[in-house]
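**Student:** Sequence:
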Amino acid sequence: RSAEGMTTAATTGFEAVLEGHLADLGVPATVPALACGMVGARQGWVEAGYVDTPARLAGIAAGAVRVPGIARNVRILPGIARRDPAAPDVIRGEETQILGALAAHDLETATLCMPGTHSKWGRVAEGCLSAFSTFMTGELFAAVTGHTILAHAVADAPDDEDMEAFRQAVAAVLAAPARIANLLFQVRGGQLLFGRGAAAARETISGSLIGLEIAGGHVADGGELVLIAAGRLARLYGEALGVAGLTHRVIDADAAVLGGLSLAARSIWPSRT
1 RSAEGMTTAA TTGFEAVLEG HLADLGVPAT VPALACGMVG ARQGWVEAGY VDTPARLAGI
61 AAGAVRVPGI ARNVRILPGI ARRDPAAPDV IRGEETQILG ALAAHDLETA TLCMPGTHSK
121 WGRVAEGCLS AFSTFMTGEL FAAVTGHTIL AHAVADAPDD EDMEAFRQAV AAVLAAPARI
181 ANLLFQVRGG QLLFGRGAAA ARETISGSLI GLEIAGGHVA DGGELVLIAA GRLARLYGEA
241 LGVAGLTHRV IDADAAVLGG LSLAARSIWP SRT
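Residues in the sequence shown are numbered consecutively from 1, following this note's numbering.
Treat the hints loosely; a few may be bogus.
As the list claims (entries may be wrong) - What follows is a set of in silico ranges between Cβ atoms, one per label pair, in the way DEER data are often shown:
hint, residue 1, residue 2, range
1, Q43, A143, 17 to 25 Å
2, D24, M136, 30 to 38 Å
3, E139, M163, 20 to 28 Å
4, S2, A175, 36 to 44 Å
5, H218, A62, 15 to 23 Å
In case anyone wonders, no lab produced these hints; they're calculated from the structure.
Cβ atoms here follow ideal geometry from the backbone N, Cα and C, with glycine treated the same way.
Take these sequences, add in the hints, and give me the full structure.
**Tutor:** Right, dumping it as structure tokens:
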């Protein structure tokens, strides 16, 4: 895993970043490469467009775009679009996690939760992604804790997690989602009036936003609930789903994306399997 994101790659050059890592791994130029995510966005290396829902592996792999003008055969997978005027939405990157999860765990009917800066909730029916919704939970957390009066509340918060504050916040917002703005301001009131600490403030904000996402994202008739996540996000969302009384299975996000890339690569280059 590298820390080089879109900004670094755009400055250094996408090809230079890729070839630098492949050289470190000893991968010859004759070996093709497959990429997904924001590298295929309009601001990325080459725009890869979108496949419409309902989406299956064959459609996604067939939509892969080859990067022109370079020696190596590099393809970029497209995203997925929900072209519903009432609820337009796009996925770019998470579709690969979905592919890997579907194949590795034999999912036919399920609701998928994929936490992140822009969390995704997807509906899988008959082995394909039929619908999905995006929640700006991670970005909202960054905005609230960095650019509102609550930035002072979380300043210098220790690494220790206050999971009790987190669970209480999830429960409060699940009980009254429409009061989210009021529940968030109670973080400041709690510090001023009762001396509550920065860790409790941080986890209350996190729990409130994740609880709000779960209230809007969960589909009661969506089959098995599957959380595709890793690390801290897997832990926090697992706790929040437990507070909501939702049983779920956890699939490692990194393993899912690697599995999805592998499946798509075998479809694009069958002679190399």
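**Student:** Run every hint past the structure and note whether it holds.
**Tutor:** Right, here's what the structure says about each hint:
1. Q43 x A143: 17 to 25 Å: Once the Cβ atoms are compared, 20 Å apart, the range 17 to 25 Å for A143 and Q43 holds.
2. D24 x M136: 30 to 38 Å: At 35 Å between Cβs, range holds.
3. E139 x M163: 20 to 28 Å: This hint holds: roughly 23 Å between Cβ atoms.
4. S2 x A175: 36 to 44 Å: Holds: the Cβ-Cβ distance is about 42 Å, inside 36 to 44 Å.
5. H218 x A62: 15 to 23 Å: 32 Å Cβ-Cβ, so the 15 to 23 Å window is violated.
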